[in-house]
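Just so you know, the protein sequences line up as chains G and V, in that order. Under our numbering, the first residue of the first sequence carries the number 1, and numbering increases by one thereafter. Under our numbering, the first residue of the second sequence carries the number 141, and numbering increases by one thereafter.
Do not rely on the hints blindly, as some may be mistaken.
Cβ-Cβ distance ranges computed for the label pairs, FRET-style [said to hold, decoys possible]:
1. V:Gln253 x G:Thr132: 43 to 51 Å
2. V:Pro183 x G:Thr16: 21 to 29 Å
3. G:Ile85 x V:Thr154: 20 to 28 Å
4. V:Asp241 x G:Thr16: 25 to 33 Å
5. V:Gln223 x G:Ala28: 18 to 26 Å
6. G:Pro140 x V:Asp241: 32 to 40 Å
Here are some chain G residues the structure puts well away from chain V; computed CB gaps all over 10 Å [what the hints assert, rightly or not]:
7. Leu6
8. Pro11
9. Glu65
10. Pro80
11. Gln87
12. Ala88
13. Asp98
14. Phe105
15. Met121
16. Val123
17. Gly130
Since the hints were derived computationally from the structure, they do not count as laboratory data. None of the values given here were measured: they were computed from a predicted structure. Virtual Cβ for every residue (Gly too), placed ideally from N, Cα, C.
Single-letter residue listing:
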Amino acid sequence: MEALHLVYEVPGGDLTHAGEASSQVKQALRKLGYDSDTIRRVSVCMYEGEINMVIHANGGTARVEVGLDDIVITLIDHGPGIPDIDQAMQAGFTTAGDQVRDLGFGAGMGLPNMKKYSDEMTVASTVGVGTTVTMVVRIP
Amino acid sequence: MTTVQDLVNRLNLTTFCLPDGGRGITGGCYCGDLLSWVMGRAPAGGIWLTIMSNVNVAAVAALTDLSCVILTEDVAPDAALLQKAQAQGVNLLGTPLSTYDCAVCLSRLLQAQA
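My request is simple: use the sequences and hints to build the entire structure.
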C-alpha cells in the first residue's frame with residue numbers, strides 16, 4: 001500500500017467548526033480498517049491540534065500521512081508562536097481566554113494530551129512566525 | 141454486556157439521539173465538563189456524564205470513541221449539538237439526576253450486570 005496523504009485547511013476563529021478535519025481522518029482510517037485504539041489516538045491528537053490552531057493561530061494546515069507502520073500528523077500554523085515550549089507543555093498551563101473556557105476548552109491539557117496519545121511528538125515554534133507540531137502514532 | 145439501550149431502559153433516560161443503542165459499555169464511566177480532561181481520561185467505550193451542552197461535546201464523544209453521553213441535571217442539548225450528534229452517530233441521552241446521583245446509579249447497574 002502506498003502511503004495516503006491527506007491535507008486539510010483548518011479555518012480560524014470559530015471553535016464550533018473545529019473537528020471537521022479530525023472527523024474526516026477518523027472516517028478514512030475506519031474505511032482502511034485500522035484498529036479502534038489507533039483511530040482514537042489519532043483522532044484525539046488531531047482534534048486537540050485543530051482546537052489549538054483555531055484558538056491561538058487563526059487556523060492552519062493539517063497534513064496526515066497514513067503509512068503501513070505509522071500515521072504522521074503535521075500541524076502547521078502562522079500564528080504568534082510559543083515563547084516557552086516547556087511551559088506550554090505543562091498540564092494546566094494555558095493562555096486561552098474566557099470565551100474558550102466557557103466552551104469547555106482552555107484547560108491547559110491540549111498539548112499534554114497530544115503527547116500522551118502519540119508515540120513521538122515534536123514542537124517547533126518561532127515567535128512571530130508560527131508553530132509546527134509533528135506527531136507520530138505507530139500502528140501496533 | 142450492558143448496552144446503551146439497557147441504560148436508557150433501566151435509568152429511564154431521555155433519548156435526544158440514539159443511533160446506536162446496541163453499543164456495549166466497555167469502558168466504565170467518566171464525569172467531567174472540561175473537554176480536554178475528558179479526551180485525556182475517559183476510557184474508550186465509556187459513558188460520559190456532563191452538564192456541558194455545546195456542539196463540541198459531540199465531536200469529543202465521537203473522536204474519543206465513547207459509548208454515550210448523558211447530560212445530567214436536566215440539561216438539554218442546543219440545536220447545533222443535537223444536529224452534530226445525529227450527523228456523527230453519537231448516543232446523546234439526558235437525566236434530571238445530578239452527575240453524582242447518575243454515576244451512583246450507573247455504578248450499581250454496571251456492577252449488577254458484570
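Do the hints match the structure? See the list:
1. V:Gln253 x G:Thr132: 43 to 51 Å: holds, 48 Å
2. V:Pro183 x G:Thr16: 21 to 29 Å: holds, 26 Å
3. G:Ile85 x V:Thr154: 20 to 28 Å: violated, 45 Å
4. V:Asp241 x G:Thr16: 25 to 33 Å: Holds, since V:Asp241 and G:Thr16 (Cβ atoms, about 31 Å apart) stay within the stated range.
5. V:Gln223 x G:Ala28: 18 to 26 Å: holds, 22 Å
6. G:Pro140 x V:Asp241: 32 to 40 Å: holds, 39 Å
7. Leu6: With a cut-off of 10 Å, G:Leu6 remains clear of chain V, as the shortest Cβ separation is near 16 Å.
8. Pro11: Nearest chain V Cβ is 15 Å from G:Pro11, so the label holds.
9. Glu65: holds, 19 Å
10. Pro80: Per Cβ check, G:Pro80 is outside 10 Å of chain V; nearest 20 Å; holds.
11. Gln87: Per Cβ check, G:Gln87 is outside 10 Å of chain V; nearest 17 Å; holds.
12. Ala88: Fine: 14 Å to the nearest Cβ keeps G:Ala88 off the interface.
13. Asp98: holds, 14 Å
14. Phe105: violated, 6 Å
15. Met121: holds, 14 Å
16. Val123: holds, 17 Å
17. Gly130: Correct as stated: the minimum Cβ-Cβ distance to chain V is 22 Å, above 10 Å.
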